[in-house]
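Could you put the whole structure together from the sequences, leaning on the hints where they help?
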Amino acid sequence: MAKNFSGPAVFLDRSDINTDEIIPARYLTEVTKEALKPYLLEDLKLEGFDPQGEKLARAGVVVARSNFGCGSSREHAAWAFEVNGIHTLIAGSFSRIFRQNMFNCGMLAIELPEADLEKLFALARKGEVTISVDLENSRISAEAAGTKEAIQFAITSFDRALVEAGGWVEFADRRY
Amino acid sequence: MGKTIAEKIFAAHLRDRPFPGTQVLDIDRVFCHEITTPVAVCDLAARGKDRVFDATRIKAVIDHVTPSKDSKTALQAKILRDWARRHGIADFFDVGRNGVCHALFPEKGFIRPGYTVIMGDSHTCTHGAFGAFAAGVGTTDLEVGILKGVCAFRDPKTIRVHLEGVLPPMVFAKDVILYVIGQLGVNGATDKVIEFVGPVINAMSMESRMTVANMAIEAGGTSGICLPDRTTAAYLWPFIGNDYADIDDAVADFRKWHSDADAVYEQEWRFDVSALAPQVTYGYKPDCVKPVTEMAGSAVDQVYIGTCTNGRIEDLRVAAAILKGKKIAERVRGIVSPATPKIFQEALAEGIIETFMSAGFCVTNPTCGACLGMSNGVLAAGEVCVSTSNRNFNGRMGKGGMVHLVSPATAAATAIAGVITDPRTFCTA
Chain A
1 MAKNFSGPAV
11 FLDRSDINTD
21 EIIPARYLTE
31 VTKEALKPYL
41 LEDLKLEGFD
51 PQGEKLARAG
61 VVVARSNFGC
71 GSSREHAAWA
81 FEVNGIHTLI
91 AGSFSRIFRQ
101 NMFNCGMLAI
111 ELPEADLEKL
121 FALARKGEVT
131 ISVDLENSRI
141 SAEAAGTKEA
151 IQFAITSFDR
161 ALVEAGGWVE
171 FADRRY
Chain B
1 MGKTIAEKIF
11 AAHLRDRPFP
21 GTQVLDIDRV
31 FCHEITTPVA
41 VCDLAARGKD
51 RVFDATRIKA
61 VIDHVTPSKD
71 SKTALQAKIL
81 RDWARRHGIA
91 DFFDVGRNGV
101 CHALFPEKGF
111 IRPGYTVIMG
121 DSHTCTHGAF
131 GAFAAGVGTT
141 DLEVGILKGV
151 CAFRDPKTIR
161 VHLEGVLPPM
171 VFAKDVILYV
181 IGQLGVNGAT
191 DKVIEFVGPV
201 INAMSMESRM
211 TVANMAIEAG
221 GTSGICLPDR
231 TTAAYLWPFI
241 GNDYADIDDA
251 VADFRKWHSD
261 ADAVYEQEWR
271 FDVSALAPQV
281 TYGYKPDCVK
291 PVTEMAGSAV
301 DQVYIGTCTN
311 GRIEDLRVAA
321 AILKGKKIAE
331 RVRGIVSPAT
341 PKIFQEALAE
351 GIIETFMSAG
361 FCVTNPTCGA
371 CLGMSNGVLA
381 AGEVCVSTSN
391 RNFNGRMGKG
401 GMVHLVSPAT
411 AAATAIAGVI
421 TDPRTFCTA
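Those protein sequences? They're chains A and B, same order as listed.
For reference, each letter of the first sequence is one residue, going 1 to 176 in my numbering.
For reference, each letter of the second sequence is one residue, going 1 to 429 in my numbering.
No lab work stands behind these hints: they were computed from the structure.
Where is the CB? At the ideal position from N, CA and C, for every residue including glycine.
Don't take each hint at face value.
[Unchecked claim] From chain B, some residues computed to sit far from chain A (all C-beta separations above 12 Å):
| # | residue |
| --- | --- |
| 1 | 138 |
| 2 | 203 |
| 3 | 239 |
| 4 | 265 |
| 5 | 271 |
| 6 | 301 |
| 7 | 317 |
| 8 | 329 |
| 9 | 357 |
| 10 | 374 |
[To be verified] Derived coverage of chain B by chain A (criterion: at least 3 residues anywhere in the stretch with Cβ under 8 Å from a Cβ of chain A; other residues may be distant):
| # | segment |
| --- | --- |
| 11 | 17-27 |
| 12 | 31-45 |
As structure tokens, then:
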């Protein structure tokens, strides 16, 4: 069953946010996903961002710049978002492994062209942004302080099938 | 239209095309370590699918924190150990027999040209040095690999990097790959395979080629690949001797994997390394690279020699040649971690361990430990480490710590001087 892909958005205005920043290696000794919950983005140094803050705690979506999730293959990075109820990441681009990890867990990693991504960052300058994802029609609706944006997105047929199946284990188990 | 080596390997392993642009491949080797595997095997058990597709094609090692440092890491090791025993995975390497995965598995002869390899570790691209398609994956891909022996990838697109000229003295494979990453950028090869070709690669040992392929991921690459040749065949000969009449026969057979002359590449880059200087990273991304001379004199607290990038015997020999008869600076903590037990024993036999210890280095057992700030050399906030590893992310070796990536030669020279130092200072030969 597909997850909830909508909610208040947190904006991380930087490229190349790596998986060490998303979940530092000192927490990789955990053997359950739930144990990662308090540590999401703990080492990310970014002006105006507080990993312990209420905004991240309420978020359902995170928006960032390019090459998000680069570095280590640790799926702990995707799980740290998952156990915090953040099932949609939107960025200019993702690292291959991180993007695949998101879809493999039945979550969304949406890549947007620069102009569309900029529309979302412009909205964020007006106030708190709420994003809803219409997976069937490949459309993002974003709203902040009464201003709305609708943006079409594209994901591969395979990635869509993974989200619909609930992840790669489910998909592969049925097919292979 | 001709095919690249990656396209040939994909074609030879194609199980399914569930959708255009996606290929599900049969996997020859599923490698496992104790950090990313336990969640996969626990999930399989929870799903009532505690099975493996082929115990002979799965290899496992405890390498990230070993011997275990606390109850949590002991549990991770135990989960992997119990699972390996339960499923009859004969090639499981525990304390005393274990080493850094990307040094140990090639040394054991587990890789062949044309293989598909996955592991829950981003530096799996190392094994592409043997002419294999080797990709780091997450735990879910690993889980499906363990259960079904398959993994999904997008159609492979390749960037070809031509390395021309001759390496100057005191300039090594690490300097080459740091320079290349500096040029391509940390995002330059995302979703692409990097094929390394040219006289510089042809002249390199397998150890050096592994150093190069190891860091393909730092440019975002799915796999680094070198074309298998006589050097590859000679390295693998103890393991393939029964399959071929002689080395010439193996070399001829390997040629089937070589990219065709009319293969299509996404991009082509050409670098002449003849005037390349030793390289060092600054900042917190591996593409922030400059000549060591531009950072010379910066103070360091720790020098770390080891890891899947530069913990092999060739690396230890280079460092020891510079350290021989010298002491490292009083203010510097030197740590060397031979990447496997075999490398450790070779280093002992050659007097290299003696050289390191006389110079004032701490010699640790083979482990990934310090590279990712998990054990055996974690930095305190504000400390600076010059390291032969592959990542300089903010806090990578310890929260608030700074990492500068270098070759083993630059690391050794820096340890002696106590400040970042060009190795040509100590050896001009």
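Evaluation of the provided hints:
no., hint, in the structure
1, 138, "4 Å, violated"
2, 203, "30 Å, holds"
3, 239, "27 Å, holds"
4, 265, "18 Å, holds"
5, 271, "23 Å, holds"
6, 301, "19 Å, holds"
7, 317, "29 Å, holds"
8, 329, "28 Å, holds"
9, 357, "28 Å, holds"
10, 374, "5 Å, violated"
11, 17-27, "holds (count 6)"
12, 31-45, "holds (count 6)"
When each numbered hint is compared with the structure, violations occur for hints 1 and 10.
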